[in-house]
Amino acid sequence: MSDKYLDVLNYALTLEHLEDALYHDIVKAGILTGQAQAYAEEYAYHEHQHVVLLEKVIMDAGGTPVKRQPSYNWPKFKSEAEAISFLRTVEDVGVSAYIGQVTNLQGSPYLTAAVQIHSVEAYHATAWRLVELKMGIESESYEYAVPFAFATYDNGGVRTKEQVLKIVSPLLSGMPNTGAGGMAGDDSRGLLSALGVGTAAAAVALATKKITERRQES
Amino acid sequence: MGNMETERRGFSRRDFLKTSGAVAAGLVAVMAAGGSPIANGRAYAMNLLQGASDLDILNFALTLEHLEATFYKWVVSGKYARLSGDSLVVATAVRDHEIAHVDFLTKAIKAAGGKPVGPLSNYKFEAVGDTSSAAGILKIAETLEGVGVGAYTGAAHLIKNADYLFAAAQIEQVEARHHGAFRWFNDINPAGGYQDFLGPSYDVPTVKKQIAPIIS
Chain A
4 MSDKYLDVLN YALTLEHLED ALYHDIVKAG ILTGQAQAYA EEYAYHEHQH
54 VVLLEKVIMD AGGTPVKRQP SYNWPKFKSE AEAISFLRTV EDVGVSAYIG
104 QVTNLQGSPY LTAAVQIHSV EAYHATAWRL VELKMGIESE SYEYAVPFAF
154 ATYDNGGVRT KEQVLKIVSP LLSGMPNTGA GGMAGDDSRG LLSALGVGTA
204 AAAVALATKK ITERRQES
Chain B
38 MGNMETERRG FSRRDFLKTS GAVAAGLVAV MAAGGSPIAN GRAYAMNLLQ
88 GASDLDILNF ALTLEHLEAT FYKWVVSGKY ARLSGDSLVV ATAVRDHEIA
138 HVDFLTKAIK AAGGKPVGPL SNYKFEAVGD TSSAAGILKI AETLEGVGVG
188 AYTGAAHLIK NADYLFAAAQ IEQVEARHHG AFRWFNDINP AGGYQDFLGP
238 SYDVPTVKKQ IAPIIS
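Protein chains in written order, with the working numbering: chain A, 4 to 221; chain B, 38 to 253.
In silico DSSO-like pairs for lysine-lysine, Cα to Cα no more than 27 Å straight-line:
(1) 176(B) to 137(A)
(2) 110(B) to 176(B)
(3) 7(A) to 197(B)
(4) 79(A) to 164(A)
(5) 81(A) to 137(A)
(6) 7(A) to 59(A)
(7) 110(B) to 147(B)
(8) 197(B) to 164(A)
(9) 31(A) to 70(A)
Treat the hints as calculated values from the structure; they're not laboratory data.
For reference, chain A alone in the conformation it holds in the complex (with noise of 0.2 Å):
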């Protein structure tokens, strides 16, 4: 097999053992309560099979899994809502590291339990997206629930490897983390802006604009 799919495959791997630990972590530690640790206790399992598949795959295919680290640097969560908003940019960001190896995967036998093991961050990230809003950890309109039109580069949707790897790399080197924020991307590839289509936060902003109108006349 191709080096380049399988450094792919490990770079997939890196964030699964990345995103395994946390919850298994986070569970451990019973710091959420009810409904979100449930849905920490069955996300955790999900994280934890895409790490045993990718394993089978990397060696299938005659490579190295990475191993997961021994230890994390995770932040120190002083209350549930950090440890629930930590859980939702991780997965946020798991999501775009996903969509942004996807070209890089076209042909391989891998492509589409690529694209599945993507769509799932998406349901983990969306379930934390409203964790938050019914705990009021966000205050803001539920359309925070389906944050744009299209995932791209300058909505955090989509993410290239360097830009996961530098949002990533606190948590996995022990050095102090500084929080894993957005970062700008480059939009400027794609099909979308070579067509002239709005961005996803102007589709969005207008959108809010219109539901904010609408309550202001009901």
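With chain A held as given, fit chain B onto it using these hints.
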């Protein structure tokens, strides 16, 4: 080679425009089929699009997006039972997203020299669920989004042009977020039911058998 290859199975490009009504009706039938909408949508797309050109696949996606956009337009405009509160906020945002998808795919098809399909004048969403109650509307929306996620997932490996594949994934992620949100409104764990997402079979003959009762 192209003609023989495409006419051997699935739709030829020439046929797609004529049959997009049947494809839309097929999507409604898939929605009404019960079981996992993701698995059903994936099976339908994989079966239908075997040997299809990229333009056919784009027109298939546009057929789906027209159906979705029309559904939410009807929901938000009050043709069906009224939603309220947070679910209305989400349905309205989703409507705007689906309209944006329609616009984008229409442009992409035209830019590639193709002829974009239009919407149907009617879709039989009553066959999918109860359009006279808010609960029914939210259930139909959940099913619709699940079929959409499955359809894009099933089509991905058949797309030849990398730009189209990337664009399909840019939309697929959004459909997944929509689906998760409607699952939430229906009191279902947005990411629960793992097997729905990593389905067991991509074997085409098996998929054809699974889908035959749905599309016949």
